[in-house]
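Colleague: Please construct the entire structure, taking both the sequences and the accompanying hints into account.
Order-wise, the sequence lines are chains A and B. Each residue of the first sequence is one higher than the one before, counting from 92 in the numbering used here. Each residue of the second sequence is one higher than the one before, counting from 92 in the numbering used here.
Keep in mind that the hints were calculated from the coordinates and are not lab data. Among the hints, a few may not be true.
No copy labels: a pair is met if it fits in one copy or bridges any two.
[Claimed, not checked] Calculated cross-link-like contacts (lysine-lysine; reagent style DSSO-like; alpha-carbon spacing at most 30 Å):
1) Lys206 / Lys334
2) Lys206 / Lys114
3) Lys206 / Lys105
4) Lys113 / Lys206
5) Lys183 / Lys206
6) Lys334 / Lys113
7) Lys218 / Lys206
8) Lys179 / Lys113
9) Lys328 / Lys114
10) Lys334 / Lys183
11) Lys113 / Lys328
12) Lys105 / Lys334
13) Lys328 / Lys179
14) Lys183 / Lys328
15) Lys206 / Lys179
16) Lys328 / Lys105
What you are looking at is a predicted structure, and each value in this text was computed from that prediction instead of being measured.
Number of protein chains: 2
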Amino acid sequence: MPRRITSFSNETIKRIRSLEQKKFRRIENRFMAEGMRIVAEAAEAGRIAETLVFAEDLAEHALLRRLIAQCEAAGGEAIEVPREILHKITGKDNPQALVGVFPIPETRLEDLDRKSSDLWTVCQSLKDPGNLGTILRTNDAVGAGGLILLDQSCDPWSVEAVRASMGALFTQPIVQTTGPAFFEWLRAGPGMLVGTSLRTDHDYQDVRYDAPTFILMGNEQHGLPQEYEDACDVLVKIPMRGKADSLNVAVSCAVMLYEVLNQRRR
Amino acid sequence: MPRRITSFSNETIKRIRSLEQKKFRRIENRFMAEGMRIVAEAAEAGRIAETLVFAEDLAEHALLRRLIAQCEAAGGEAIEVPREILHKITGKDNPQALVGVFPIPETRLEDLDRKSSDLWTVCQSLKDPGNLGTILRTNDAVGAGGLILLDQSCDPWSVEAVRASMGALFTQPIVQTTGPAFFEWLRAGPGMLVGTSLRTDHDYQDVRYDAPTFILMGNEQHGLPQEYEDACDVLVKIPMRGKADSLNVAVSCAVMLYEVLNQRRR
Numbered sequence: 092m093p094r095r096i097t098s099f100s101n102e103t104i105k106r107i108r109s110l111e112q113k114k115f116r117r118i119e120n121r122f123m124a125e126g127m128r129i130v131a132e133a134a135e136a137g138r139i140a141e142t143l144v145f146a147e148d149l150a151e152h153a154l155l156r157r158l159i160a161q162c163e164a165a166g167g168e169a170i171e172v173p174r175e176i177l178h179k180i181t182g183k184d185n186p187q188a189l190v191g192v193f194p195i196p197e198t199r200l201e202d203l204d205r206k207s208s209d210l211w212t213v214c215q216s217l218k219d220p221g222n223l224g225t226i227l228r229t230n231d232a233v234g235a236g237g238l239i240l241l242d243q244s245c246d247p248w249s250v251e252a253v254r255a256s257m258g259a260l261f262t263q264p265i266v267q268t269t270g271p272a273f274f275e276w277l278r279a280g281p282g283m284l285v286g287t288s289l290r291t292d293h294d295y296q297d298v299r300y301d302a303p304t305f306i307l308m309g310n311e312q313h314g315l316p317q318e319y320e321d322a323c324d325v326l327v328k329i330p331m332r333g334k335a336d337s338l339n340v341a342v343s344c345a346v347m348l349y350e351v352l353n354q355r356r357r
Numbered sequence: 092m093p094r095r096i097t098s099f100s101n102e103t104i105k106r107i108r109s110l111e112q113k114k115f116r117r118i119e120n121r122f123m124a125e126g127m128r129i130v131a132e133a134a135e136a137g138r139i140a141e142t143l144v145f146a147e148d149l150a151e152h153a154l155l156r157r158l159i160a161q162c163e164a165a166g167g168e169a170i171e172v173p174r175e176i177l178h179k180i181t182g183k184d185n186p187q188a189l190v191g192v193f194p195i196p197e198t199r200l201e202d203l204d205r206k207s208s209d210l211w212t213v214c215q216s217l218k219d220p221g222n223l224g225t226i227l228r229t230n231d232a233v234g235a236g237g238l239i240l241l242d243q244s245c246d247p248w249s250v251e252a253v254r255a256s257m258g259a260l261f262t263q264p265i266v267q268t269t270g271p272a273f274f275e276w277l278r279a280g281p282g283m284l285v286g287t288s289l290r291t292d293h294d295y296q297d298v299r300y301d302a303p304t305f306i307l308m309g310n311e312q313h314g315l316p317q318e319y320e321d322a323c324d325v326l327v328k329i330p331m332r333g334k335a336d337s338l339n340v341a342v343s344c345a346v347m348l349y350e351v352l353n354q355r356r357r
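Modeller: Now the structure itself:
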């Protein structure tokens with residue numbers, strides 16, 4: 092039976108709202124996902140929200156009722172609120188009618204099974220959460236094994252990253268580690284490390300990608316550090332004919348991932 | 092000689108700041124671009140800012156001095172301000188040191204030379220300015236002829252779209268029109284209209300794309316309306332192996348554009 096909360100000063104509501112900030116996500120070890128579609132994708136991937144906060148005017152919505160039932164059956168709590176409270180939790184004028192709270196999964200390199208997929212994405216110092224979420228979504232689409240974040244990347248559990256991932260962060264393992272730790276793990280088993288770079292003439296379509304392939308993308312502004320490029324098995328370049336000679340990092344990553352996928356389906 | 096303004100209540104500063112809102116962009120027929128890099132890209136494309144507002148602490152920066160000289164030589168005005176004023180203009184905590192104001196170019200379908208490129212992008216009811224800017228950037232990279240926006244799309248001259256385009260909106264012609272007007276223009280000359288859709292089994296790599304190719308992308312949430320799909324010469328699908336069966340629209344667009352480019356460079 093959902094609990095009803097109408098006061099914004101309620102402690103539970105305040106705690107959920109605080110998850111907008113990275114500091115509190117770390118303290119609580121929880122993050123929030125907005126929207127029926129993403130929470131439903133999570134449930135399909137077997138990830139049931141610990142807490143669901145939903146708009147009272149939607150209490151009879153069939154999918155919502157199913158999500159509430161799943162949440163409560165798993166020992167979670169569903170909370171019915173007026174729209175204004177959802178507005179305050181999400182800080183948006185037109186808030187989604189549903190917010191789910193989930194534990195942050197801690198996945199380490201040692202937890203990854205590199206044989207589970209022939210394709211992986213590795214990003215170094217990724218700064219934009221929208222790019223991160225978009226990369227997760229593409230990863231899901233190509234059947235990649237997961238996303239490995241090196242060094243100081245943005246937080247994959249931020250509201251923007253969760254939103255841009257469209258639920259893919261519930262199906263894609265995400266590891267946060269450092270460059271050196273990753274290289275050590277990588278070289279302890281099979282894997283071709285492919286760096287995208289502007290400092291090579293090696294066309295990305297001229298390379299045969301061995302499985303498992305690890306696609307390494309650099310920071311939005313600076314690309315890859317020299318020593319990370321040196322650690323790659325091959326550096327490749329996506330051809331560009333324009334004036335600016337640069338692509339959005341999530342776009343470059345997708346072009347690379349689809350090239351590998353296309354080679355394997357031929 | 093740059094003018095110096097230190098008061099936020101100055102009329103020129105207020106007018107520039109108002110360009111953050113679409114309404115005032117339409118009234119003034121002007122938009123703003125932030126950052127040395129984007130303003131320099133604009134100048135390289137022959138688009139000189141009418142007004143430049145720069146941080147006083149950067150007055151001796153070599154590239155900035157060149158941009159100021161170009162602006163003034165073209166009859167424009169350079170304005171030196173304290174950082175706080177740039178902060179107020181851009182609404183950001185760490186504002187760029189330079190903002191340029193440019194006239195909005197009005198490009199109509201009749202102004203496009205479809206023989207100038209073998210590849211064009213068409214987006215229907217695109218909603219996210221970040222996606223729009225990213226698509227412009229990819230368009231530039233593949234040497235596309237321009238971007239045609241159908242129906243109610245977001246504003247290409249918004250600060251977010253300009254930023255995400257990384258300057259590509261100074262090199263890519265942009266037309267805003269309606270579906271029916273576009274179809275009429277398209278069918279009055281050569282052109283293969285290719286729609287991306289989930290409602291087809293036609294693999295995007297199995298099609299030979301005739302020049303000029305027009306890649307038609309649908310809205311982020313709803314895809315293409317049925318009648319727009321019916322108007323296409325071919326519908327194609329990008330293969331997906333994941334749980335979610337969807338890609339970010341700027342990612343799908345890039346995967347399509349690179350397929351066409353790759354076919355032509357083979």
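Colleague: Hint by hint, note whether the structure agrees.
Modeller: Against the structure, the hints:
{"no.": "1", "hint": "Lys206 / Lys334", "result": "between (41 Å within a copy, 19 Å between copies)"}
{"no.": "2", "hint": "Lys206 / Lys114", "result": "neither (35 Å within a copy, 54 Å between copies)"}
{"no.": "3", "hint": "Lys206 / Lys105", "result": "neither (43 Å within a copy, 59 Å between copies)"}
{"no.": "4", "hint": "Lys113 / Lys206", "result": "neither (32 Å within a copy, 51 Å between copies)"}
{"no.": "5", "hint": "Lys183 / Lys206", "result": "neither (42 Å within a copy, 45 Å between copies)"}
{"no.": "6", "hint": "Lys334 / Lys113", "result": "between (38 Å within a copy, 28 Å between copies)"}
{"no.": "7", "hint": "Lys218 / Lys206", "result": "within (29 Å within a copy, 39 Å between copies)"}
{"no.": "8", "hint": "Lys179 / Lys113", "result": "both (17 Å within a copy, 26 Å between copies)"}
{"no.": "9", "hint": "Lys328 / Lys114", "result": "neither (38 Å within a copy, 41 Å between copies)"}
{"no.": "10", "hint": "Lys334 / Lys183", "result": "between (37 Å within a copy, 28 Å between copies)"}
{"no.": "11", "hint": "Lys113 / Lys328", "result": "neither (35 Å within a copy, 38 Å between copies)"}
{"no.": "12", "hint": "Lys105 / Lys334", "result": "neither (49 Å within a copy, 33 Å between copies)"}
{"no.": "13", "hint": "Lys328 / Lys179", "result": "neither (45 Å within a copy, 40 Å between copies)"}
{"no.": "14", "hint": "Lys183 / Lys328", "result": "neither (40 Å within a copy, 34 Å between copies)"}
{"no.": "15", "hint": "Lys206 / Lys179", "result": "neither (44 Å within a copy, 52 Å between copies)"}
{"no.": "16", "hint": "Lys328 / Lys105", "result": "neither (48 Å within a copy, 44 Å between copies)"}
Hint compliance for this structure: hints 2, 3, 4, 5, 9, 11, 12, 13, 14, 15 and 16 are not met, and every other hint is.
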